[in-house]
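Work from the hints to combine the two standalone chains into their complex.
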Amino acid sequence: MLKGVTRLVSRVHKLDPGHFLRLGTQAPQSLAAHLDNQVSFESPRAISCTSENDPAKHEEKHEGQHYNLPLQDMKTIFPHGLPPRYAMQMKTFNEACLMVRKPALELLHYLKNTNFAHPAVRYVLYGEKGTGKTLSLCHIIHFCAKQDWLILHIPDAHLWVKDCRDLLQSSYNKQRFDQPLEASVWLKNFKTTNERFLNQIKIQEKYVWNKRESIEKGSSLGEVVEQGITRVRNATDAVGIVLKELKRQSSLGIFHLLVAVDGVNALWGRTTLKREDKSPIAAEELALIHNLRKMVKNDWNGGAIVMTLSQTGSLFKPRKAYLPQELLGKEGFDALDPFIPILVGNYNPKEFESCIQYYLENSWLQHEKAHTEEGKKELLFLSNGNPGQLERLCAYL
Amino acid sequence: MAVDQDWPSVYPVAAPFKPSAVPLPVRMGYPVKMGVPMAKEGNLELLKIPNFLHLTPVAIKKHCEALKDFCTEWPAALDSDEKCEKHFPIEIDTADYVSAGPSIRNPKARVVTLRVKLSSLNLDDHAKKKLIKLVGERYCKTTDVLTIKTDRCPLKRQNYDYAMYLLTVLYHESWKTEDWEKNKTEADMEEYIWTNSSSEKNILETLLQIKAAEKNLEVTKEELLGTKEIEDYKKCVVSLKNEGDSENTLSQYKDSVKRLLNLT
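Quick mapping for you: the protein sequence lines, in order, are chains A and B. Note that the working numbering numbers the first sequence so that position 62 is 62, with each residue one more than the last. Note that the working numbering numbers the second sequence so that position 87 is 87, with each residue one more than the last.
Here chain B stands alone, though its shape is the one from the complex (with noise of 0.2 Å):
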């Protein structure tokens, strides 16, 4: 093949690797002892695996140029993708399928998909934890994007309109305090919360016991919540129920309680 052939035309569309026609000297295949890999003459591994011959970057321009004339131009101010976030925080999936065939339809194409990051929407602490608690699943914690894929109706459009009314459904509903909410126990928490707790209680029980111990009755439990160690425990408490155990939150803790109890 000449080296300032077009490729493009050699493959205009996918199709099964010609060895014949392409000029790469390609080897597939597991080697016998003290052997290589099989030359790509006749091998049945290079037609039976998917290959993008057809899609070489020369081809893609090409198809960018002639798609060039049905696009309207990018607008000039949104030149960041802050700005975009900030002006267009919901984005739409949705996908179009065109195949040769008898009917133009295809069923894969109502699918729509609706991502949104949460730190866009206007939610409070309480409204926060109740919807990711009823989104449940398509909720992702590390980008903080709620996504939410629709299909149950039978047109994109119907998809997509149904999707904008779970998101506004989920906002409204967040933001609202149903009665049984104060029921919500321990177990049912996210993270852990110092006051009212377990730890609270034996740490104050303890301090008490050590005041009495010294004579020292005047102190009150507000008193010593006030304390500059309680503060320090608690928040070396919370750590390590949070994060988990590790060798900095529990050396930190080891410390703050030597510091309450008065330990050398």
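Excised from the complex, chain A in its bound form (with noise of 0.2 Å):
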């Protein structure tokens, strides 16, 4: 009996989960699954996930590991704004998990030592293509939500700068173009994830939209949004009425305010809407755009400023670049400056150690070779650390 005992205990201490991949190619998954049965506490992901769940316990020792998010609350934080790829892996892997990065370590310790009296301080997460800035961005948004923060963000700058079906002349200020569509959509948006906040804000002056309808002085922000979806014509102004409200209450310590905006370098940059007779129109008079722009200031306190840059969707600039006075221009670095420059990096060996262990044990990669230390070294030549390339090349395996 004691021995029977001893020699299940002596297995499963040799196929542990550094080593039992290396086992031949005949059948992983089978394995995995025979596996999971015997070794069902000791979990096979320590290596590469960790069970802290709280954002705000994050430190420096769980860097390179993966922490799980709850999928309810990826439908409330994030109706928009994952990129498409994750969102894919998401689907296919049914569980969200993101790597805990340094720049996202680096931007929750600043976080959470802000001082709410002091005006807003802007940091910008700049880096190469695929380095992970954007899911950087949700590490960031998750853990605010978490500690009950509004939520303001724009999943991408660059959508409302181009391809725009229906510009209307906007009712408020003659000069500048209204876009009912994506203000309609990111109200929608903005109201799945700040549902709680919506009913307790109130609106501090009257506006009024046309003869017929105005919003009185005191009514809820909920009912701003609410005629900003139902009436799409006046969605754009919703929207600049939500934003302002929100800039001028924020400063009372009523609750805190993320701006989260991915993408920044698109409010000022060149668009490619036009009006009717072809001459381009400049991103200022965008009425959208315009609200953005003031947001982005730090001329109110209560909370903080996150963005990124981004080439990928950015009109009229060149693929490699990526730093930031390349991507915001002369315009924007004036006036996002002072801000806090984070740099967000290819994998580091630990991490990319830790991706590899993570797509194995979802057994996402098929190949018998990808579990070897030659596999994983093609791998890192191939990918160059870089995490959205290791995820495509990941894919085909």
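For the record, the hints were derived by calculation from the structure and aren't laboratory data. As the structure is a computational prediction, the values presented were derived from the model and not from experiment. Virtual Cβ for every residue (Gly too), placed ideally from N, Cα, C. One or more hints might be untrue.
Calculated pairs, SDA-like style, for lysine to any residue (alpha carbon to alpha carbon, straight line, at most 25 Å) [what the hints assert, rightly or not]:
no.	chain 1	residue 1	chain 2	residue 2
1	A	K102	B	S246
2	B	K211	A	S251
3	A	K320	B	T249
4	A	K112	B	S251
5	B	K234	A	P341
6	B	K241	A	K202
7	B	K258	B	N248
8	B	K221	A	A335
9	B	K235	A	D334
10	B	K211	A	Y110
11	A	K297	B	T249
12	B	K258	A	E128
13	B	K254	A	N348
14	A	K129	B	N248
15	A	K191	A	K202
16	A	K112	B	L263
17	A	K330	B	E186
18	B	K184	A	E331
19	A	K297	B	G244
20	B	K129	B	N242
21	A	K129	B	G244
22	A	K350	B	E247
23	A	K102	B	S251
So, partial list: chain A residues that the calculated Cβ filter (under 8 Å) puts toward chain B [unchecked claim]:
no.	residue
24	Y110
25	P119
26	P324
27	Q325
28	I340
Right under this line is the structure:
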């Protein structure tokens, strides 16, 4: 009896997570299933996953490890804003795991020590294509959501400056243009994320839409959002009101505001939109962009502004550009100065190893050489440690 | 050919390649598959290209010896490049052409090139910037050399006088300041100047707001400007703008902003 148990225990020890995948080429999936039955309590994900699911408690010792985000939270916090490939991965694996990395840890540290009486500090995540800027932003948003901040998340500012079907002339200011579709879509998603705040916050001014409709002082923000969603014509102005009120009221200290903008270089770049007479529209003439620019200025307090630079959706910028000045241009840099630039780089060896382990554990890598040392070296060489590139390569294996 | 034959007499002037006269086993041409380039006998490629067989070191030495009778001695005091530059900062390049033909004139001989280093001219900051703007393409930043090439007059002497006149006019004009120069905008500036820039305004506003939040209203703008952190920040922004982004400049900028805003 004892001998049997010791033999079982020694087999468990021999086949622990670091080693079990080196066993030959026959049907790794069945082996994994078999072992899951045997090694039920000791999770095989000890190397690549951590059980610490609260971003507030993430520290340097968790660096390189994946943590699980509950799928329910994903629907509320991220109705928009996840990179498309990551959303597909989430659907395939039926779970959402994010890797804890240094830039995010650094930002979390700053955010935890924010002084809410001081003007909002601006943080800019920059880096080459595919290094994980958007996912780091998602990590930060998850943290702030858990801390009960109000999240103002613009998933991709580039979507607002290109391929817009209908542009209306703004009723508020004749020189500017409205984008009803984009504004209403954003308002819907904003509502999903911040349901609980919408009834608590009251607007402090009377806004008149037109001769017949107006919003009285003291009504809740939720009503403004409803107006914007139902009456699509006024959606852009509704967005403007939401931004203005949030900015004003976060200084009062009722709530903390996180402004998260992905692709902030769109705000100061060129647009591909044209008027009816085919003359190009500058970014300032779009009401949404104008209001967003006011939002990322640091003349309010009670929160923080986190932004990423993105070449991926950007217009008229070369593919290799990733440094702040190249993507923001002179105007953008002057508007955002002073900010804290945070570099997001490729995987270091530990993170790379962790990522490969995660894929192996989810049986994503089916190639027989995938778990060998040479296989890993080959993947490292081909992707150069770039997370996006690695993900694309592993999709074929 | 004998080893001690006099080569300059075989090729005294520029002449086409004569395979029988040149003793070298030269090959030229694109080889066929599993082959080698063609040999020199009857090789058109070797005839097409220019050859310098008439300018071997031995031949050049002979030319120099012959020309020495027409030259004067190099001044003994000018034994280094720096001394030459110090005493003769302006260099003039001219070319003379000799050919056998019905006329001794050659229109190419009238070109005169004047080269001078701006560091040897007495220019202050404003004058140097104005001069560089005036000459445009003719100034090379890496070597700090201004090159003026003139050929608009029919004679070399006239072109030389014109080049000297241009240099004089440039020098005097760049020292003068016109009325319209005070309309110089930020876009015209050659390098980034921090004072009165939007970066200064932003940072002052931010700091004033911070101080107001801490109920520290006695601090004035001048005091803020004098602190060490702002000096540091100013240096970082200037280097970022002038030199462009790089790991180094960005990390310095980040540290200075962190110190300014009192982030850990």
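Here's how the hints hold up against the structure:
{"no.": "1", "hint": "A:K102 / B:S246", "in the structure": "holds, 20 Å"}
{"no.": "2", "hint": "B:K211 / A:S251", "in the structure": "holds, 16 Å"}
{"no.": "3", "hint": "A:K320 / B:T249", "in the structure": "holds, 19 Å"}
{"no.": "4", "hint": "A:K112 / B:S251", "in the structure": "holds, 22 Å"}
{"no.": "5", "hint": "B:K234 / A:P341", "in the structure": "holds, 16 Å"}
{"no.": "6", "hint": "B:K241 / A:K202", "in the structure": "violated, 43 Å"}
{"no.": "7", "hint": "B:K258 / B:N248", "in the structure": "holds, 16 Å"}
{"no.": "8", "hint": "B:K221 / A:A335", "in the structure": "holds, 21 Å"}
{"no.": "9", "hint": "B:K235 / A:D334", "in the structure": "holds, 16 Å"}
{"no.": "10", "hint": "B:K211 / A:Y110", "in the structure": "holds, 20 Å"}
{"no.": "11", "hint": "A:K297 / B:T249", "in the structure": "holds, 23 Å"}
{"no.": "12", "hint": "B:K258 / A:E128", "in the structure": "holds, 23 Å"}
{"no.": "13", "hint": "B:K254 / A:N348", "in the structure": "holds, 22 Å"}
{"no.": "14", "hint": "A:K129 / B:N248", "in the structure": "holds, 20 Å"}
{"no.": "15", "hint": "A:K191 / A:K202", "in the structure": "holds, 15 Å"}
{"no.": "16", "hint": "A:K112 / B:L263", "in the structure": "holds, 11 Å"}
{"no.": "17", "hint": "A:K330 / B:E186", "in the structure": "holds, 11 Å"}
{"no.": "18", "hint": "B:K184 / A:E331", "in the structure": "holds, 19 Å"}
{"no.": "19", "hint": "A:K297 / B:G244", "in the structure": "holds, 23 Å"}
{"no.": "20", "hint": "B:K129 / B:N242", "in the structure": "holds, 16 Å"}
{"no.": "21", "hint": "A:K129 / B:G244", "in the structure": "holds, 20 Å"}
{"no.": "22", "hint": "A:K350 / B:E247", "in the structure": "holds, 23 Å"}
{"no.": "23", "hint": "A:K102 / B:S251", "in the structure": "holds, 15 Å"}
{"no.": "24", "hint": "Y110", "in the structure": "holds, 6 Å"}
{"no.": "25", "hint": "P119", "in the structure": "holds, 5 Å"}
{"no.": "26", "hint": "P324", "in the structure": "holds, 6 Å"}
{"no.": "27", "hint": "Q325", "in the structure": "holds, 5 Å"}
{"no.": "28", "hint": "I340", "in the structure": "holds, 6 Å"}
Taken one by one, the earlier hints fail for this structure only at number 6.
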